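There are 2 protein chains.
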Amino acid sequence: MTGDIAELVDAARNGSTRAAGRLLSLVESTRRDEVLALLSATPVQVLGITGPPGAGKSTTVAVLVTAYRRRGLRVAVLAVDPSSPYSGGALLGDRIRMTAHINDPGVLIRSVAARGHLGGLAAAVPAAIRLLAALSYDLVVLETVGVGQSEIEIAAVADPTIVILNPGAGDAIQAAKAGLLEVADLVVINKADRDGADQTVRDLRAETHAPILKLIAAQGDGVDELVEAIDAHRRADTPARRSARARAQILSLAQSRLQQHPDLDRLAESVAAGGIDPYAAAVSLLTEPTAPSSPA
Amino acid sequence: MTGDIAELVDAARNGSTRAAGRLLSLVESTRRDEVLALLSATPVQVLGITGPPGAGKSTTVAVLVTAYRRRGLRVAVLAVDPSSPYSGGALLGDRIRMTAHINDPGVLIRSVAARGHLGGLAAAVPAAIRLLAALSYDLVVLETVGVGQSEIEIAAVADPTIVILNPGAGDAIQAAKAGLLEVADLVVINKADRDGADQTVRDLRAETHAPILKLIAAQGDGVDELVEAIDAHRRADTPARRSARARAQILSLAQSRLQQHPDLDRLAESVAAGGIDPYAAAVSLLTEPTAPSSPA
Numbered sequence: 021m022t023g024d025i026a027e028l029v030d031a032a033r034n035g036s037t038r039a040a041g042r043l044l045s046l047v048e049s050t051r052r053d054e055v056l057a058l059l060s061a062t063p064v065q066v067l068g069i070t071g072p073p074g075a076g077k078s079t080t081v082a083v084l085v086t087a088y089r090r091r092g093l094r095v096a097v098l099a100v101d102p103s104s105p106y107s108g109g110a111l112l113g114d115r116i117r118m119t120a121h122i123n124d125p126g127v128l129i130r131s132v133a134a135r136g137h138l139g140g141l142a143a144a145v146p147a148a149i150r151l152l153a154a155l156s157y158d159l160v161v162l163e164t165v166g167v168g169q170s171e172i173e174i175a176a177v178a179d180p181t182i183v184i185l186n187p188g189a190g191d192a193i194q195a196a197k198a199g200l201l202e203v204a205d206l207v208v209i210n211k212a213d214r215d216g217a218d219q220t221v222r223d224l225r226a227e228t229h230a231p232i233l234k235l236i237a238a239q240g241d242g243v244d245e246l247v248e249a250i251d252a253h254r255r256a257d258t259p260a261r262r263s264a265r266a267r268a269q270i271l272s273l274a275q276s277r278l279q280q281h282p283d284l285d286r287l288a289e290s291v292a293a294g295g296i297d298p299y300a301a302a303v304s305l306l307t308e309p310t311a312p313s314s315p316a
Numbered sequence: 021m022t023g024d025i026a027e028l029v030d031a032a033r034n035g036s037t038r039a040a041g042r043l044l045s046l047v048e049s050t051r052r053d054e055v056l057a058l059l060s061a062t063p064v065q066v067l068g069i070t071g072p073p074g075a076g077k078s079t080t081v082a083v084l085v086t087a088y089r090r091r092g093l094r095v096a097v098l099a100v101d102p103s104s105p106y107s108g109g110a111l112l113g114d115r116i117r118m119t120a121h122i123n124d125p126g127v128l129i130r131s132v133a134a135r136g137h138l139g140g141l142a143a144a145v146p147a148a149i150r151l152l153a154a155l156s157y158d159l160v161v162l163e164t165v166g167v168g169q170s171e172i173e174i175a176a177v178a179d180p181t182i183v184i185l186n187p188g189a190g191d192a193i194q195a196a197k198a199g200l201l202e203v204a205d206l207v208v209i210n211k212a213d214r215d216g217a218d219q220t221v222r223d224l225r226a227e228t229h230a231p232i233l234k235l236i237a238a239q240g241d242g243v244d245e246l247v248e249a250i251d252a253h254r255r256a257d258t259p260a261r262r263s264a265r266a267r268a269q270i271l272s273l274a275q276s277r278l279q280q281h282p283d284l285d286r287l288a289e290s291v292a293a294g295g296i297d298p299y300a301a302a303v304s305l306l307t308e309p310t311a312p313s314s315p316a
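First to last, the sequence lines map onto chains V and P.
Numbered continuously in this note's numbering, the first sequence closes out at residue 316.
Numbered continuously in this note's numbering, the second sequence closes out at residue 316.
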């Protein structure tokens with residue numbers, strides 16, 4: 021069995037994206053540890069691209085892949101976005117933005133198994149990244165959408181985490197509610213030729229310390245500046261900034277666990293009925309043990 | 021000593037706002053329990069008015085007080101907003117909106133002691149409300165501003181909690197970050213004659229289930245509709261809605277406590293340095309006991 025895996029690793033290293041895809045399936049399966057045991061840990065750059073549905077994440081990923089291919093980097097794209105136009109390594113739908121990369125052996129595009137499978141994203145994504153690094157990919161791009169939890173998980177492994185929004189308040193409010201502004205390393209206002217883009221930039225400046233860039237991904241406007249901002253982020257990042265982001269991530273993940281606390285509904289009903297005050301309920305929530313072990 | 025308090029209670033019930041003010045000072049002092057022991061619990065309507073600085077909370081409070089005075093209600097205003105133009109029962113500053121009510125014995129205006137004093141707002145505000153109810157005030161208006169924590173505390177005792185925002189994305193993003201949209205019973209877009217008010221209403225509709233009203237408080241436009249919405253809220257509120265708000269309040273208060281957890285900075289540094297993953301850190305944060313008892 022392990023012999024099969026070793027052959028797949030050799031084939032993938034020799035440029036077989038099909039072998040790489042099979043290995044990715046294996047790290048999402050119960051054979052994950054068998055695969056990981058054969059691989060040495062290799063550092064790799066990980067970009068996180070997140071934001072609300074329709075913000076233009078896939079288009080942004082496509083233009084970034086083009087930019088990094090020009091630099092000669094081998095790029096893997098892991099899509100955690102259920103609305104993303106990729107599935108199982110193949111492209112789906114009529115809004116295909118990655119056509120330029122389909123036959124490029126230097127680009128691997130792959131959907132990641134759904135949440136909840138084998139420990140969810142928290143376990144699946146780091147394992148996939150470790151595999152891709154060992155297969156000599158230079159850059160892994162993680163694309164995700166969700167209600168907060170999955171983006172925060174991605175932010176925990178990506179550097180930088182890039183939050184893509186559209187002009188107008190809607191996307192910004194949604195990102196703020198999800199805690200995304202706290203974990204963003206770069207904020208990108210895509211479709212920046214639309215009305216209100218400058219106002220959105222101004223509104224967000226008061227709410228995040230991250231650099232805010234304008235982009236028209238579909239036309240390629242602003243891509244060079246985005247790539248430069250990614251480089252600048254990596255040059256300028258400091259332990260203090262990484263700690264601040266880690267703090268936001270930890271709190272967000274803790275909040276997600278609390279939201280699933282088995283006592284929460286009962287406590288909320290008691291508070292609503294005047295039985296206990298919300299302080300006592302909060303203390304109780306933090307004092308009672310949560311479900312034993314699985315990631316929230 | 022307790023005899024003095026009984027005399028003050030009599031004087032306050034007979035219409036002395038000065039005596040009422042002295043009693044409010046006492047419930048913020050170490051003599052709180054002495055005062056509360058003399059009072060029977062009386063139900064009272066509590067309105068919470070919150071929102072970012074400059075949104076027009078004080079102006080809104082002033083027009084609401086006028087409206088409820090017309091109904092013959094005795095109204096007490098407790099200002100927890102450090103930027104509010106009231107202090108120690110007197111009015112300060114040149115932006116005085118409550119002049120119409122200064123000499124009205126049916127209106128009491130009072131600042132509440134700063135946070136951290138005798139258990140903070142969480143302890144001081146319910147005690148003050150209980151006092152005001154016993155002194156035959158029919159309505160207590162709580163006005164607050166802050167970075168989330170104080171508004172959530174107010175939301176826990178007020179019904180309805182009214183969030184005042186201005187047109188544009190800035191206020192809405194700030195309210196979303198603070199978790200205010202989750203605990204709002206009514207959202208009011210004040211200064212609704214400014215550009216973008218309708219767009220702000222549309223943007224917010226996607227992010228909250230609370231009714232959204234437009235107001236021009238300085239001109240009195242929309243006040244009748246706001247008073248009617250407050251009445252409607254009280255008629256239509258259900259245990260399920262109250263539980264949902266209590267849930268948001270509990271989670272917000274729990275999050276505040278976690279933000280002050282003594283291990284958080286150490287865990288964040290460890291995650292940033294790659295020592296542990298953010299999941300393990302979140303679990304550790306929830307498993308380790310927090311500081312013993314005082315409200316966060």
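Hints are supplied without guarantee of correctness; some may be wrong.
Stated by the list, open to error - When the alpha-carbon atoms are kept at most 20 Å apart in a straight line, the in silico EDC-like pairs for lysine to aspartate or glutamate are as follows: (1) P:Lys234 with P:Glu248; (2) V:Lys197 with P:Glu27; (3) P:Lys234 with P:Asp244; (4) P:Lys197 with V:Asp283.
Hints were generated in silico from the structure; no laboratory data involved.
Remember, predicted model here, so these are calculated numbers, not experimental data.
We went through each hint and held it up to the structure:
1. P:Lys234 with P:Glu248: 13 Å, holds
2. V:Lys197 with P:Glu27: Violated, because 50 Å separates the two Cα atoms, which is more than 20 Å.
3. P:Lys234 with P:Asp244: Measuring from Cα to Cα gives roughly 11 Å; hence the hint holds.
4. P:Lys197 with V:Asp283: Status violated; Cα separation ~25 Å.
In this structure, the earlier hints numbered 2 and 4 are contradicted, and the remaining ones agree with it.
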